[in-house]
Amino acid sequence: MKMQDGFGKKLLVTGLTASMCLGLFGCGGQAANTTTAAAKAPAATSAAGTKAAASAGSTAAKTTAKASAAATTAAAKKADLKGDIEMVTNGNEETYKAVNAVLQDFMKENPGVKITYTTQGSDYEQLMKARMASNDMPDIFATHGWSVKRYSEYLRPLNDQAWYKTIEASFMKNIANDQGQIFVLPINMDSSGILYNKGLLKELGVEVPKTWDQFLSICEKGKAKGYTGVFLAGKDNRQPASLLDISAQTFIANRSDKKYTDELVKGTFDWKNWAPLSQFLSDLKTKGYLNVDCTTCDPVDIPARMAENKVLFLVASDNSLIQRAAKINADAKYGLAPIPALSESEKRVFAGGEREAYGIYKKTKHEDVCLAILNYLAKPENIKKVCEASGKPSPIKDVKPNLGTVMDDYTTYADIEVAPTFDRVYLPNGMWSTMRTIGSALIGGSMTVDESVKTMEADYKTMFSQK
Amino acid sequence: MKRKKELSIDILYLPALLLMILFVVYPLLSGINISLTNWNGYSAKYKYVGLSNYIRLFQDKMFYTALKNTVIYGVGSTAIQTVLGIAYALLLQKEFRGQTLTRVVVYLPAMVASLIMGYISYFLVQYNHGAVNDIVKLFGGTPVDWMADGNRAVWIIVIINALQFVGKTMIVMIAGLQSIPESYEEAAEIDGASYRQRLKYITLPLLIPAITTSVVLNLIGGLKLFGIILATTSGGPGYSTHSLSTLINYLYFQNQNAGYATTVGLFLFLFIMVMGTVVRRWFEKKAEALS
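Chain order of the listed sequences is A and B.
For the first sequence, our numbering assigns the number 30 to the initial residue and increments by one for each residue that follows.
For the second sequence, our numbering assigns the number 3 to the initial residue and increments by one for each residue that follows.
Everything labelled a hint here was simulated from the structure, so no lab data went into it.
Do not take every clue at face value.
[Unchecked claim] No farther apart than 30 Å at their CA atoms in a straight line, the calculated lysine-lysine pairs in the DSBU-like style are these: (1) A:K137 / A:K194; (2) B:K47 / A:K314; (3) A:K316 / A:K250; (4) A:K490 / B:K70; (5) A:K314 / B:K63; (6) A:K202 / B:K139; (7) B:K70 / A:K339; (8) A:K483 / B:K47; (9) A:K339 / A:K250; (10) A:K202 / A:K339; (11) A:K295 / A:K137; (12) B:K139 / A:K254.
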């Protein structure tokens with residue numbers, strides 16, 4: 030009897046331990062949900078401001094409203110639209126607010142439609158991967174640059190929509206597959222380069238850098254005066270990854286003397302050629318050009334730190350930072366410039382492509398409502414509103430948003446080529462996370478340049494084989 | 003008659019058994035299956051890769067760093083929580099004005115979600131305008147980027163976790179102290195035993211069952227630490243503060259390597275089970291030796 034008790038006790042304890050351990054299998058998901066809930070909080074708060082945003086943008090809307098109204102609302106009024114629609118994005122706060130304002134207007138016009146629109150922030154990709162695995166996608170979702178490579182098998186082709194013909198032909202390569210099918214309505218587009226402090230560059234007596242050597246030399250000059258060469262908010266490891274991704278345009282992709290891009294696409298790339306890029310990031314840190322808290326600073330602090338007017342450069346894709354910093358301190362004037370080249374003989378480029386773009390889940394039960402929502406969003410005045418809020422240009426013909434001082438930069442560099450975002454075109458799906466790891470590890474000093482190259486190579490081979 | 007009674011008891015096991023199969027056995031078997039593939043976590047396509055994920059486990063620097071950190075999170079947090087928990091329990095067992103309020107204050111952080119606790123702590127230790135650096139500056143010191151050094155960040159996370167859950171340990175210890183008959187202490191006091199002697203020879207030995215429960219629970223909690231790491235460092239700089247739990251999250255959802263992530267998950271399952279069992283057995287032997 031005693032032995033039986035002992036056995037029972039052991040079984041109970043082992044069972045309890047096992048249950049607690051196995052709780053871990055659910056732990057990731059649980060925590061992810063918590064994070065999602067936390068991310069929803071600002072979203073919910075920001076919804077309060079939507080009415081104001083809607084009224085602010087209404088004046089510009091009047092001119093083009095008549096032309097587009099007939100086409101876009103015809104489907105909506107044909108029958109009383111009804112349905113609960115889930116719509117998700119990973120857009121930043123400004124973009125979210127602007128899109129939400131448009132959706133609120135849509136719901137006013139279509140009282141039978143209820144749109145639950147949320148932003149998931151940095152957890153968006155994890156959430157979407159989990160939902161792809163369970164075939165439970167939102168009715169409408171943002172594709173953050175991956176409408177073709179990652180999401181196309183879940184999306185309804187949209188070439189049959191009236192707004193399809195309004196997309197700039199030059200932008201099509203970013204969102205169309207080999208058969209020319211598109212799966213999203215592109216609202217704005219990325220046009221990444223370097224953000225530079227106009228006032229400080231003037232004070233240092235230097236021009237906007239055309240090469241990376243000039244860029245580093247300006248950082249050195251700035252450091253002597255106590256300025257931060259390059260600002261990084263590395264608590265979110267997407268920031269150093271973004272720096273690598275943008276810099277890779279001229280370190281690797283646009284080299285006139287090499288055929289790296291072909292090699293990357295074919296899987297024959299010699300990864301030793303990645304070393305100069307890792308070395309560049311590592312040097313920024315070791316030479317003291319990065320902010321002291323480059324590994325721990327939270328991205329929410331970026332505009333405030335830019336507004337302190339002590340930052341020379343940011344290698345980032347979020348041009349709305351320029352306006353947000355100026356709102357805090359009008360004297361902090363930043364501009365957008367192309368990505369410096371490796372040498373004077375090489376060309377400078379911008380990195381660009383799909384940004385805020387929405388597709389419709391092909392198995393949605395409310396396809397008619399979803400199409401009506403995209404048609405409404407596609408109205409030029411609505412596209413303009415979102416572009417102005419996000420500080421990004423539009424890929425839709427005849428939509429010319431007022432992007433403030435950045436417009437001057439777009440005009441100045443109108444002849445500079447916009448190359449497609451490096452990782453989306455030349456790396457297999459999933460390598461972004463490897464770049465996040467190595468970028469953060471390089472500035473944190475927990476990885477050598479050689480280790481970073483080996484990590485990139487190993488993950489590239491794994492993911493290339495999964496294609 | 004006896005067989006009939008046993009049969010009815012056996013039937014009562016069934017619901018629990020079904021739940022166990024559904025939530026423990028099936029996920030475990032499914033996990034083993036996934037660990038033998040190169041599944042990316044969402045695609046319908048995958049290949050069986052044999053034991054390569056298990057071989058990779060022992061060649062992966064990131065895994066070793068996460069394993070080392072996991073041990074520090076588990077053991078470090080447990081040690082701090084146990085020592086502080088006993089101290090709080092001894093202090094708050096005595097009746098004084100504000101005793102209940104103090105207990106509530108000590109327990110309060112345990113009621114907050116780990117993720118929220120992590121964000122609050124981040125505001126304390128962040129470089130720019132962090133509360134700790136503001137105090138450092140107040141005394142003329144130079145601000146420090148506390149979380150920039152991986153090794154230091156790991157210990158800061160240990161302290162945050164320990165302070166958050168010390169209240170739970172305190173409650174278990176208070177319950178343990180209340181189960182010790184007062185007559186033992188009174189007899190020792192009459193025999194002239196000092197407070198330290200009473201603590202060493204009566205209180206602590208009789209607290210061992212409570213300590214066992216608390217240590218095993220805290221150890222398991224520390225070994226699966228997730229929320230605080232995510233909120234304070236996200237596993238960085240680089241991967242220097244990853245625990246096995248955050249590494250699983252990273253590998254599965256960011257690195258798109260569900261097969262390997264599941265392998266790490268299975269390792270963690272076995273690791274926690276072995277650690278929990280060994281620690282429990284050690285305390286049980288200690289208690290047997292004293293009785």
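Hints and how they fare:
1. Using a Cα cut-off of 30 Å, the hinted pair K137 of chain A and K194 of chain A holds, with the two alpha carbons roughly 28 Å apart.
2. Our distance criterion of 30 Å between C-alpha atoms is broken by K47 of chain B and K314 of chain A, whose separation comes to about 41 Å.
3. The straight-line distance between the Cα atoms of K316 of chain A and K250 of chain A is roughly 12 Å, inside the 30 Å bound, and the hint therefore holds.
4. Between K490 of chain A and K70 of chain B the alpha-carbon distance is near 28 Å, which keeps this suggested pair within the 30 Å criterion.
5. Only pairs whose Cα atoms come within 30 Å are accepted, and K314 of chain A paired with K63 of chain B is accepted, the gap being roughly 23 Å.
6. Proposed proximity of K202 of chain A and K139 of chain B is contradicted: the alpha carbons are some 53 Å apart, above 30 Å.
7. Taking the CA atoms of K70 of chain B and K339 of chain A, the gap is about 39 Å. The hint is violated against a cut of 30 Å.
8. Under the criterion of a C-alpha separation no larger than 30 Å, the hint pairing K483 of chain A with K47 of chain B is consistent with the structure, at around 26 Å.
9. The straight-line distance between the Cα atoms of K339 of chain A and K250 of chain A is roughly 13 Å, inside the 30 Å bound, and the hint therefore holds.
10. Taking the CA atoms of K202 of chain A and K339 of chain A, the gap is near 38 Å; set against the 30 Å cutoff, the hint is violated.
11. Between K295 of chain A and K137 of chain A the alpha-carbon distance is near 51 Å, which puts this suggested pair outside the 30 Å criterion.
12. Restraint check for K139 of chain B and K254 of chain A: the C-alpha separation of about 22 Å stays at or below 30 Å, so the hint holds.
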